[in-house]
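Number of protein chains: 2
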Amino acid sequence: MAVIAAACPQPVAAAERFTTERAQLTVEPVAEGLVHPWGLTFLPDGDMLVTERAGRLRIVSPDGRISEPVAGLPEIWSRGQGGLLDVVLGPDYPETGRIYFSFSEPGDGGASTAVARAVLDRGDLRLSDVEVIFRQQPKSGGGRHFGSRLVFANDGTLFITIGDRGQRTRAQTFTINRGQVIRINPDGTIPEDNPFVGVDGRLPEVWSYGHRNPQGAALHPQTGKLWIHEHAAQGGDEVNVPEAGKNYGWPVIHYGEDYGGGQFGEGTHKEGMEQPIYYWDPSIAPSGMAFYTSDRVPAWQGDLFVGALKYRMLVRLDIEEGEIVHEERMLGDLRQRIRAVDQGPDGNLYLLTDARDGQILKVSPTPLY
Amino acid sequence: MAVIAAACPQPVAAAERFTTERAQLTVEPVAEGLVHPWGLTFLPDGDMLVTERAGRLRIVSPDGRISEPVAGLPEIWSRGQGGLLDVVLGPDYPETGRIYFSFSEPGDGGASTAVARAVLDRGDLRLSDVEVIFRQQPKSGGGRHFGSRLVFANDGTLFITIGDRGQRTRAQTFTINRGQVIRINPDGTIPEDNPFVGVDGRLPEVWSYGHRNPQGAALHPQTGKLWIHEHAAQGGDEVNVPEAGKNYGWPVIHYGEDYGGGQFGEGTHKEGMEQPIYYWDPSIAPSGMAFYTSDRVPAWQGDLFVGALKYRMLVRLDIEEGEIVHEERMLGDLRQRIRAVDQGPDGNLYLLTDARDGQILKVSPTPLY
Numbered sequence: 033m034a035v036i037a038a039a040c041p042q043p044v045a046a047a048e049r050f051t052t053e054r055a056q057l058t059v060e061p062v063a064e065g066l067v068h069p070w071g072l073t074f075l076p077d078g079d080m081l082v083t084e085r086a087g088r089l090r091i092v093s094p095d096g097r098i099s100e101p102v103a104g105l106p107e108i109w110s111r112g113q114g115g116l117l118d119v120v121l122g123p124d125y126p127e128t129g130r131i132y133f134s135f136s137e138p139g140d141g142g143a144s145t146a147v148a149r150a151v152l153d154r155g156d157l158r159l160s161d162v163e164v165i166f167r168q169q170p171k172s173g174g175g176r177h178f179g180s181r182l183v184f185a186n187d188g189t190l191f192i193t194i195g196d197r198g199q200r201t202r203a204q205t206f207t208i209n210r211g212q213v214i215r216i217n218p219d220g221t222i223p224e225d226n227p228f229v230g231v232d233g234r235l236p237e238v239w240s241y242g243h244r245n246p247q248g249a250a251l252h253p254q255t256g257k258l259w260i261h262e263h264a265a266q267g268g269d270e271v272n273v274p275e276a277g278k279n280y281g282w283p284v285i286h287y288g289e290d291y292g293g294g295q296f297g298e299g300t301h302k303e304g305m306e307q308p309i310y311y312w313d314p315s316i317a318p319s320g321m322a323f324y325t326s327d328r329v330p331a332w333q334g335d336l337f338v339g340a341l342k343y344r345m346l347v348r349l350d351i352e353e354g355e356i357v358h359e360e361r362m363l364g365d366l367r368q369r370i371r372a373v374d375q376g377p378d379g380n381l382y383l384l385t386d387a388r389d390g391q392i393l394k395v396s397p398t399p400l401y
Numbered sequence: 033m034a035v036i037a038a039a040c041p042q043p044v045a046a047a048e049r050f051t052t053e054r055a056q057l058t059v060e061p062v063a064e065g066l067v068h069p070w071g072l073t074f075l076p077d078g079d080m081l082v083t084e085r086a087g088r089l090r091i092v093s094p095d096g097r098i099s100e101p102v103a104g105l106p107e108i109w110s111r112g113q114g115g116l117l118d119v120v121l122g123p124d125y126p127e128t129g130r131i132y133f134s135f136s137e138p139g140d141g142g143a144s145t146a147v148a149r150a151v152l153d154r155g156d157l158r159l160s161d162v163e164v165i166f167r168q169q170p171k172s173g174g175g176r177h178f179g180s181r182l183v184f185a186n187d188g189t190l191f192i193t194i195g196d197r198g199q200r201t202r203a204q205t206f207t208i209n210r211g212q213v214i215r216i217n218p219d220g221t222i223p224e225d226n227p228f229v230g231v232d233g234r235l236p237e238v239w240s241y242g243h244r245n246p247q248g249a250a251l252h253p254q255t256g257k258l259w260i261h262e263h264a265a266q267g268g269d270e271v272n273v274p275e276a277g278k279n280y281g282w283p284v285i286h287y288g289e290d291y292g293g294g295q296f297g298e299g300t301h302k303e304g305m306e307q308p309i310y311y312w313d314p315s316i317a318p319s320g321m322a323f324y325t326s327d328r329v330p331a332w333q334g335d336l337f338v339g340a341l342k343y344r345m346l347v348r349l350d351i352e353e354g355e356i357v358h359e360e361r362m363l364g365d366l367r368q369r370i371r372a373v374d375q376g377p378d379g380n381l382y383l384l385t386d387a388r389d390g391q392i393l394k395v396s397p398t399p400l401y
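Each protein sequence line maps, in turn, to chains A and H.
So the first sequence is numbered by my numbering: it starts at 33 and just counts up by one.
So the second sequence is numbered by my numbering: it starts at 33 and just counts up by one.
For reference, chain A alone in the conformation it holds in the complex:
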């Protein structure tokens, strides 16, 4: 039974049960006291690697023991929306121990999103061989719109989603990195089949552009295509399936309005700019996404789960043949800002709550069908 939502949301204190369209859910805290946890990934033995935006990387056991911070991170600019952001395992992690993480990197002019790889020594809780393999150019001031999610494609390349750094007017500038999906090789080199390789005046690392601030990304389990969502201005958060070389329109076309109510841009459609496959108006502030693949809830297989910050809920998007046919909103009574969503090896969903006293929540489903 859900408790009555407090005016000021508190951490989840004990297991709570929810009935949703396709499953009975038990939500229980696995770990707490994480400061604005941002990224979560599972290690092969079931432990979790978790980032705190403040600039700490920790290992959390399934029963909630939280390690000391892992040593050896590069310098991180932890202000506003910036800090240590996403973390994923390299495809060769079992052999090499290599992990990849995104963060706000300080430097001339302010900060920008960077991605590094490093070898994780779990015994010593230490990173070694840290290499920065991508830097958003140029750095700039302000603490907004860093992105960023990391997803390895099936061909071994790495997708990085980066925000517009609050520089709306520059998201259609071809010579800098503002509001893009980046695609690089694991060593930071540029894949030869990137869409703008060899194109004058274009950046070869760019996969797609015209994004605003994408903070969710996942690979579709059947098609292998990248899916992302992005925060809009007021109204018009989008789900996109970014294709090579395409322009997703920000800030020229969009479904929002300016915060404060003004209009900008040229409407919702324009030749040469792509439409989203789904949008939320009003904005829910999506963060984190995961496709559900476990046979534990057959009715969820292939569905996309999305966290919401502002709307404090978990969203299930029912996908049929690559299109979204239904949206279910759940866990609103928890009143938690959801930052990240992942599926555990046990078929449960794991959520990070965006709070000073942030938690890992385990969502255990029992199918209704």
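These are computed hints drawn from the structure, not numbers from a lab.
The beta carbon of each residue, even a glycine, is placed where N, CA and C say it ideally should be.
Warning: the hint list may mix true and false statements.
Some chain H residues flagged as far from chain A (calculated, every beta-carbon gap over 12 Å) [said to hold, decoys possible]:
| id | residue |
| --- | --- |
| 1 | G141 |
| 2 | G233 |
| 3 | P330 |
Derived DEER-like restraints, expressed as beta-carbon distance ranges [what the hints assert, rightly or not]:
| id | chain 1 | residue 1 | chain 2 | residue 2 | range |
| --- | --- | --- | --- | --- | --- |
| 4 | H | Q295 | A | E298 | 44 to 52 Å |
| 5 | H | T398 | A | G173 | 37 to 45 Å |
| 6 | A | T325 | H | V162 | 57 to 65 Å |
| 7 | A | P377 | H | T398 | 48 to 56 Å |
Mind docking chain H on chain A? Use the hints.
Leaving out everything else, chain H in the frame of chain A:
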């Protein structure tokens, strides 16, 4: 400004204004005192032809003058959900004055949906040359799930949506008419290219089957394809784009549960049965649909408007490249059960409210963009 919803919804008394995502709306009553109005279509001079479920057909002028009932209707079984239902103009109306209407026809065993055509004499308020061109077989007792909407396709054939008459288990029976889209010629003969023509054990008038109770239908303005929506059991109202010969699954697959909470059927998916392109859970009880085509609100062009009975609102489905990418819910504060939605020649939307004291509401949009 919307008034506070009364516990028992009242007719709309005066013009009210609403701000929606893409347009400012003024909603005003055009006509009232219609008893459960069901179907609405525009005559070439801007008058409206309106059915009352109780079995009356009337002509309503744009300024709200309601004619006496048109004489000459066949006998109509007006109980429960049955009665005089949809009405459309024949493609040859300007030359012949011929209209088409659907109704619950009494007969051996109870009643079933039938479609007739007749010549409308506006001066005498009389129908002549009434011919029944389709009869749902067999007739049966009970007052549920007659459908029915009428849509002329661009090739001159007539689509008729019919419900399962509450006989859930028979919607997959091939030798009777339960839960189908029917396609006939205007004279009631069967088009030779219907999918089951010449197929043993199948009915040649059937276009698609496995539907429950479709009460909205419209032709997509670009593709010319038929779109429908249908009432589900508890949860899972669907939008479908019925294709020739295909099975839309009811009651074997669906997204609902039984009223009262039980489960039935075989889940949501099955080989050989089609998925909806959109569904509502919980059910909104959709009735009526219209594609918006006027250039009065460019941001609405190509969007699908759907009325809702239970949820007492108007829905806008934003359609991009044939897929629904966003749902907007509006006019909920009016607290009206919406039975039908049509676009007027003036680019306004016209709604019928399902009530003993039913109204025609004019929705005048002013674009926000």
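Against the structure, test the hints numbered earlier, and report the numbers of the ones violated in rising order.
3
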